[in-house]
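> Residues in the sequence shown are numbered consecutively from 1, following full-length UniProt numbering.
In case anyone wonders, no lab produced these hints; they're calculated from the structure.
Ideal Cβ placement from N, Cα and C applies to all residues, glycine included.
Heads up, some of the hints might be wrong.
To be verified - Label pairs and their computed distance ranges (CB to CB): (1) P97 with T192: 20 to 28 Å; (2) N25 with R221: 34 to 42 Å; (3) R175 with E55: 36 to 44 Å; (4) A140 with G187: 15 to 23 Å; (5) A140 with R196: 27 to 35 Å; (6) A140 with L98: 28 to 36 Å; (7) M220 with D76: 19 to 27 Å; (8) S54 with P222: 31 to 39 Å; (9) L117 with S223: 17 to 25 Å; (10) V71 with E115: 25 to 33 Å; (11) P222 with V84: 23 to 31 Å; (12) R194 with G70: 36 to 44 Å.
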Amino acid sequence: MLTADLVILTIRDGTLCLLVVERGNEPFRGCLALPGGFLRGDESIGETAARELSEETGVDAEELHLQQVGVYSAPDRDPRSPRVVTCAHLAIAPGLPLPSAGSDARAAQWLPISEALELRDGLAFDHDEILRDALELARAGLQFSTIATAFCSPEFTISDLREVYECVWDVELDRSNFHRKVTEAEGFVVPTGRRRSTVNGRPAALYRAGDATSLSPPMMRPSR
1 MLTADLVILT IRDGTLCLLV VERGNEPFRG CLALPGGFLR GDESIGETAA
51 RELSEETGVD AEELHLQQVG VYSAPDRDPR SPRVVTCAHL AIAPGLPLPS
101 AGSDARAAQW LPISEALELR DGLAFDHDEI LRDALELARA GLQFSTIATA
151 FCSPEFTISD LREVYECVWD VELDRSNFHR KVTEAEGFVV PTGRRRSTVN
201 GRPAALYRAG DATSLSPPMM RPSR
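Make the full structure from the sequences, and use the hints.
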């Protein structure tokens, strides 16, 4: 059997968060897990991931960043029979709403990544491994691609974008240096000509995502 599991990331109140569900059925009943579901006979694995994403968040897959993380097929990854193989996907979107549990889950919640990585009993199945792989994919993506804009609203400030990097990388970045790198990267962001009022200081310039998909030079992640 084949499933699609989802690592759904968003930033809430300045914190990188992961969507988790509490399983309502065995195996791992009552444990936290990544949302996911079985491949239907009339679906591709990408369509399964998109359907599960819509069911869990109410967001159309075409409205956000969705990419494959990898295939997980260890013989002991799932105690059910016949054997279950999963194709994991990373989904990124800005300001996702409070989730509602799917048909086979008791509850769903946004969990800060720091907490998800330190759960005493871990996530169900091999979802800890999937989460680590997806998080590293997102962190690397911020270096070499324009994936960071997927965390932002259609219009955003450079400070909004910097918050994405700081949350995902778990670092603090120099404001002026970051602003220079972003605005000098060809096709990364495009000024809209509009501004957003701020509580302190002058209104901040608004930008939108540019047409570029890769960054040259890359935005290298600082060592901690």
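> Now tell me, hint by hint, if it's right for this structure.
Right, here's what the structure says about each hint:
no.	hint	verdict
1	P97 with T192: 20 to 28 Å	25 Å, holds
2	N25 with R221: 34 to 42 Å	39 Å, holds
3	R175 with E55: 36 to 44 Å	39 Å, holds
4	A140 with G187: 15 to 23 Å	19 Å, holds
5	A140 with R196: 27 to 35 Å	30 Å, holds
6	A140 with L98: 28 to 36 Å	29 Å, holds
7	M220 with D76: 19 to 27 Å	38 Å, violated
8	S54 with P222: 31 to 39 Å	36 Å, holds
9	L117 with S223: 17 to 25 Å	19 Å, holds
10	V71 with E115: 25 to 33 Å	27 Å, holds
11	P222 with V84: 23 to 31 Å	39 Å, violated
12	R194 with G70: 36 to 44 Å	40 Å, holds
Hint check: violations occur at hints 7, 11; the rest are consistent with the structure.
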